[in-house]
Amino acid sequence: MKHEDKIKGAWKIFLFTEVASLVVVIPYGWMMVKAFTTPEGAFTLSNWSFLYQETPFFRGLVLPVIWPSVITSLIFASTTALLQIGVTIPTAYTISRMQFRGRVQLTKLMIILDAFPTVALLIGFFHVLNTIGLMNTYAGVVFVKVGMSLPGSIWLMKGFFDQVPWDIEWAAMVDGASRFTTFRKIIIAAVKPGSAVILVNSFLSGWAEYMLINLFIYSNGSTVSTFIGLMLDAEGKTAVPYGVMAAASLLYVLPVILLFIVSQKTLLKVSQGGSKQL
Amino acid sequence: MSDMMIRMQNISKSYDGEKTFVIRNLNLEIERGEFVALLGPSGCGKSTTLMMLCGLYRPTSGRIYFGDRLVNDVAPKNRNIGMVFQSYALYPNLSVYENIAFPLRQVKGVDKKTIDRKVREVAEIVKIEAFLERMPAQLSGGQQQRVAMSRALVKKPEILMLDEPMSNLDARLKLEIRDEIKKLQGELGLTAIIVTHDQEEAMAISGKIAVMEKGVIQQYAKPDELYEHPKNLFVASFIGTPPMNFIDGILERQGEEYVCRTPCGTLRIPAQSILEQGLKGSKVVLGIRPHNLHLVGGDTENCLGLRLDYVEHLGKDLLLKCHYGEEEGVRVLSGLSAGVHLREAVTVQVDSGSINVFDKESGENVTRFEEVTSHGTEG
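Quick note, the sequences are listed as chains Z and F, same order.
Take our numbering: the last position of the first sequence gets the number 278, and nothing is skipped along the way.
Take our numbering: the last position of the second sequence gets the number 657, and nothing is skipped along the way.
Looking at chain Z on its own, in the form it has when it is part of the complex:
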């Protein structure tokens, strides 16, 4: 289609999209402006004081320095992502490629489990963590978090493995490679976009986790998400000026944006170039 051949009435679609995206764009813009202004509207950097010192605010709240929370969040998110991918890849490969008893049932179970809301199981998790002594530990939260999202990611990854032609695996078999060598050297590379999706998504979901950490970790403000939670008091009123909250929120979304810039190339690339499929 030539550039001139515009669809008639396309402006309606554009207008709709623009208006719809304002819903998202306006709060972000508001956040950026607020992070660098005083309540009166003058430019300031004082909202960022949590970067270098403890700051007292209203109603007895003393906001600590944010960096320990950032580090905890990073470790929590990375551990979640690595454990997630580490369990997902071999499991998904097995379900996609091997014949074993209960394979179909297991696959169906994955879909059902994926639909289960975490909230419904909170009391159960509490009992389990308490019993095995993982209450108030990050290991416990990681297990719950990864456990809840595994069915979905295994299901997704199975799809990627299903796409890898059998021919490639057979060729490697004829070439003398063991199943494991083939998996390690060829198959893993073929499902790289899938792994990237799971890695990025689970990192972001770990970075964003609020509820589980708030419930199963007793100390407050230990991650970035709960740090922002500190700024609300028991009645849900803000104990800090909006500007401080906006500054912290901006810091919170920064890694998300960075990660997307770094990984978007891999996420968009699907390389199956070595084999022509009919």
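One or more of the hints may lead you astray.
Straight-line Cα separation of at most 25 Å, BS3-like style, residue types lysine-lysine; simulated pairs [stated by the list, open to error]:
1. F:K433 x F:K355
2. F:K390 x Z:K185
3. Z:K185 x F:K492
4. Z:K185 x F:K434
5. Z:K265 x Z:K185
6. F:K355 x F:K297
7. F:K460 x F:K405
8. F:K638 x F:K594
9. F:K391 x Z:K185
10. F:K386 x Z:K185
11. F:K396 x Z:K185
12. F:K434 x F:K452
13. F:K492 x F:K297
14. F:K355 x Z:K185
It is worth saying that the hints were derived from the structure and are not from the lab.
With chain Z fixed as given, assemble chain F onto it according to the hints.
For chain F alone, coordinates are given in the frame of chain Z:
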């Protein structure tokens, strides 16, 4: 059994616990250095047969021998084979060089220098030295095919397996690659097996063809024999372009000859050229190749009356599409100066001795040939 490279004995294969069989009681023998084609329509079991030879599938019953060695339970890598897949199955994350080196790297104790020498050697034979550093996705279909060939050949296998290796190439490239494969096979003294649905390709490239249908080898013979003396109606209809003409007829013995009455004329066939024991009844199907029909002026011996529908130019010949009765088509090959008119009646004479007579009921060829040179075994 001195120089038999491959023997398949009573091979059957079922994917669903012996409820249905894709291969039934197949027997096949391939000599060392022979180029054999497994030919048939899709779903006839030819690929399954190849997969069993490779060791990727296990036969449900029967035995496969390579030489004197029973290989039923031998892993593909220990069968000393090279394989080219229909999709080429190149490793998309490895360079061309690494693709070709891959089989060598799986063998313990092969040093880098040897690998490098062997990769470059085979790349030169297959003419892809210039592309060694590229990724498979950066190559054209023909180049990918060559990479797949060199990967199959780099370990110097005894047997080369080709699973529809040319079905993704355009017509001209097909001819080129076909010649090269044939040449390589001869130079390297390989035993080669090619799976294809293209009868022209099979006729051109292989020394012997196993025509398969419904998991059974219908005929296993040299190309010319398949063409001249197809064993049954299936083989006759599958081999040859333009395809053989089939005309229904009623056969009747009259002294020293048979008279065959067809809707478009009566043909006389010498009695000694019919195997009487093969005839189940008087209904037969006559198989006549288009080039065995000749336009003639008047009604003489062994002639058929047809009506010309249209003419196709083949370059050196004309292919006349005619019909008789309602819509029964007959193709006639003629010289360029045929001087015929569309929608007019034409008379064609049948070359004596060129008629294949098939029993209508069993579909078997009941013609007696002078030198019956049946090779191998049939399933």
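Within 25 Å, alpha carbon to alpha carbon, are K185 (chain Z) and K492 (chain F)?
violated, 38 Å
Would the pair K265 (chain Z) and K185 (chain Z) pass a check requiring their Cα atoms to be no farther apart than 25 Å?
holds, 21 Å
Pair hint K390 (chain F) and K185 (chain Z), alpha-carbon separation not exceeding 25 Å
Holds - the C-alpha atoms of K185 (chain Z) and K390 (chain F) are around 18 Å apart, at most 25 Å.
Within 25 Å, alpha carbon to alpha carbon, are K386 (chain F) and K185 (chain Z)?
holds, 17 Å
Verify the proposed pairing of K492 (chain F) with K297 (chain F), using a straight-line Cα cut of 25 Å.
holds, 15 Å
Are the Cα positions of K396 (chain F) and K185 (chain Z) separated by 25 Å at most?
Holds: K396 (chain F) and K185 (chain Z) sit about 21 Å apart, inside 25 Å.
Holds or violated: are the alpha carbons of K391 (chain F) and K185 (chain Z) at most 25 Å from each other?
holds, 22 Å
Can you confirm whether the C-alpha distance between K434 (chain F) and K452 (chain F) stays at or below 25 Å?
The given pair, whose Cα atoms are some 24 Å apart, holds under the 25 Å limit.
Mind checking the alpha carbons of K460 (chain F) and K405 (chain F) for me, to see if they're no more than 25 Å apart?
Cα-Cα ~15 Å, so holds.
K433 (chain F) and K355 (chain F) were given as a pair; does the straight-line alpha-carbon distance stay at or below 25 Å?
Holds - the C-alpha atoms of K355 (chain F) and K433 (chain F) are around 11 Å apart, at most 25 Å.
Checking one constraint from the list: CA of K185 (chain Z) to CA of K434 (chain F), max 25 Å. Satisfied?
Distance of about 23 Å is within 25 Å: holds.
Does K594 (chain F) lie within 25 Å of K638 (chain F) when you go C-alpha to C-alpha?
It is violated: about 35 Å lies between the C-alpha atoms, which goes past 25 Å.
In this structure, the earlier hints numbered 3, 6, 8 are contradicted, and the remaining ones agree with it.
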